[in-house]
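Generate the whole structure from the sequences, applying the supplied hints.
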Amino acid sequence: MQTADTPITLPAEWRDFLALTKPRVMTLVVFTGLCGMLAAPGSVDPVIGFTAILCIALGAGAAGALNQWYESDIDAVMKRTAKRPLPAGRMDRQAALHFGIGLSAFSVILMGLAVNYAAAAILLVSILFYVLIYTVWLKRRTPQNIVIGGAAGAFPPLIGWAAATGQIALLPFLLFLVVFLWTPPHFWALALFVKTDYANAGVPMLPVVAGERMTRTQIGLYTIPMGIAAVAPWPLGLTGAMYGISAIVLTSIFAALAAQVTFRNTAESDAMRPEKRLFKFSLLYLALIFAAVVADRWTQ
Numbered sequence: 001m002q003t004a005d006t007p008i009t010l011p012a013e014w015r016d017f018l019a020l021t022k023p024r025v026m027t028l029v030v031f032t033g034l035c036g037m038l039a040a041p042g043s044v045d046p047v048i049g050f051t052a053i054l055c056i057a058l059g060a061g062a063a064g065a066l067n068q069w070y071e072s073d074i075d076a077v078m079k080r081t082a083k084r085p086l087p088a089g090r091m092d093r094q095a096a097l098h099f100g101i102g103l104s105a106f107s108v109i110l111m112g113l114a115v116n117y118a119a120a121a122i123l124l125v126s127i128l129f130y131v132l133i134y135t136v137w138l139k140r141r142t143p144q145n146i147v148i149g150g151a152a153g154a155f156p157p158l159i160g161w162a163a164a165t166g167q168i169a170l171l172p173f174l175l176f177l178v179v180f181l182w183t184p185p186h187f188w189a190l191a192l193f194v195k196t197d198y199a200n201a202g203v204p205m206l207p208v209v210a211g212e213r214m215t216r217t218q219i220g221l222y223t224i225p226m227g228i229a230a231v232a233p234w235p236l237g238l239t240g241a242m243y244g245i246s247a248i249v250l251t252s253i254f255a256a257l258a259a260q261v262t263f264r265n266t267a268e269s270d271a272m273r274p275e276k277r278l279f280k281f282s283l284l285y286l287a288l289i290f291a292a293v294v295a296d297r298w299t300q
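Under our numbering, the residue at position 82 of the sequence shown is numbered 82, and the numbers go up by one with no gaps.
No lab work stands behind these hints: they were computed from the structure. Note that the structure is predicted; figures quoted are calculated from it, not measured. Please note that a few of the clues may not be correct.
Only pairs whose alpha carbons sit at most 30 Å apart, straight line, appear in this in silico BS3-like list of lysine-lysine [unchecked claim]:
(1) Lys83 with Lys139
(2) Lys22 with Lys79
(3) Lys195 with Lys276
(4) Lys280 with Lys139
(5) Lys280 with Lys79
The following label-pair restraints were derived from C-beta to C-beta distances [as the list claims (entries may be wrong)]:
(6) Ser43 with Gly237: 18 to 28 Å
(7) Ala210 with Asp92: 29 to 39 Å
(8) Val209 with Ala259: 21 to 31 Å
(9) Ala259 with Arg93: 41 to 51 Å
(10) Lys280 with Ile228: 15 to 25 Å
(11) Pro235 with Glu13: 44 to 54 Å
Here a beta-carbon is modelled for each residue, glycine too, at the ideal position from N, C-alpha and C.
Structure follows, in structure tokens:
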């Protein structure tokens, strides 16, 4: 029997299921996966290529749905996530769980049957890593959640390359490292200006448990190996000068913005905070780095 205190779950619409997949995050995942495929040697049948990218998108969406299912309690107390379908009461948790599991299974099976088993295996690992390792195990337990959990978002270039070739090589592994090492400064820049949200939700993000000074230092430190991984394909002979010069220029800009965050010691207006500048540029940085890999490959 329903009482006045019983939360009401409204019927979910297609927009709510779409929101479960985290479309903005999915866009970057799909793009890096596509670039991994296009940078691979040889050519891919358009139908196979489309199917592979569809599977990457569905797998990423499935992981996002399962993440929101598990974290609905956290999302409810954070301003930037309170309007998501589950905390807003527009969807039942059971529906989100079934949607996420079903989408996961479909994406992996379709990838294996229509593309190849290597790509399907990596896709499965990426989904399980994001849901079980990052969401369930790490996020609520350690400030290193983003450091280790960043691997989940770094798999798409490996998946794209495997979809095209059936195997893994050094170049996609370096692209994996770029995303893996890019993730901490990217998310810590965000965490610096929304740390109150994380604190209220009890999520041990680095600024909450170690303070701003340590977080800023870590952003600077992680930028160094990220930059090395980004530039490395050129001296290793895996790409040409077009990519190498692009990577150097883009990484130099990223490093300059990271340095502003690292050494910041004066108050600035909220709209001009260097953390926000770094966060916004970091998205553009990753997109341009991967675009440069593809452009370099197709101009050789």
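Evaluated hints:
1. Lys83 with Lys139: Answer holds: Lys83 to Lys139 is near 21 Å, not above 30 Å.
2. Lys22 with Lys79: Roughly 16 Å between the alpha carbons, so the hint for Lys22 and Lys79 holds.
3. Lys195 with Lys276: holds (13 Å)
4. Lys280 with Lys139: holds (23 Å)
5. Lys280 with Lys79: Given pair Lys280, Lys79 holds - Cα atoms ~19 Å apart, limit 30 Å.
6. Ser43 with Gly237: 18 to 28 Å: The hint (18 to 28 Å, Cβ to Cβ) holds, given that Ser43 and Gly237 are roughly 22 Å apart.
7. Ala210 with Asp92: 29 to 39 Å: Holds: the Cβ-Cβ distance is about 37 Å, inside 29 to 39 Å.
8. Val209 with Ala259: 21 to 31 Å: Since Val209 and Ala259 have Cβ atoms about 24 Å apart, the given range 21 to 31 Å holds.
9. Ala259 with Arg93: 41 to 51 Å: holds (43 Å)
10. Lys280 with Ile228: 15 to 25 Å: holds (23 Å)
11. Pro235 with Glu13: 44 to 54 Å: Because 51 Å falls inside the window, the suggested range holds.
Checked against the numbered hints listed earlier, the structure breaks none of them; every hint is satisfied.
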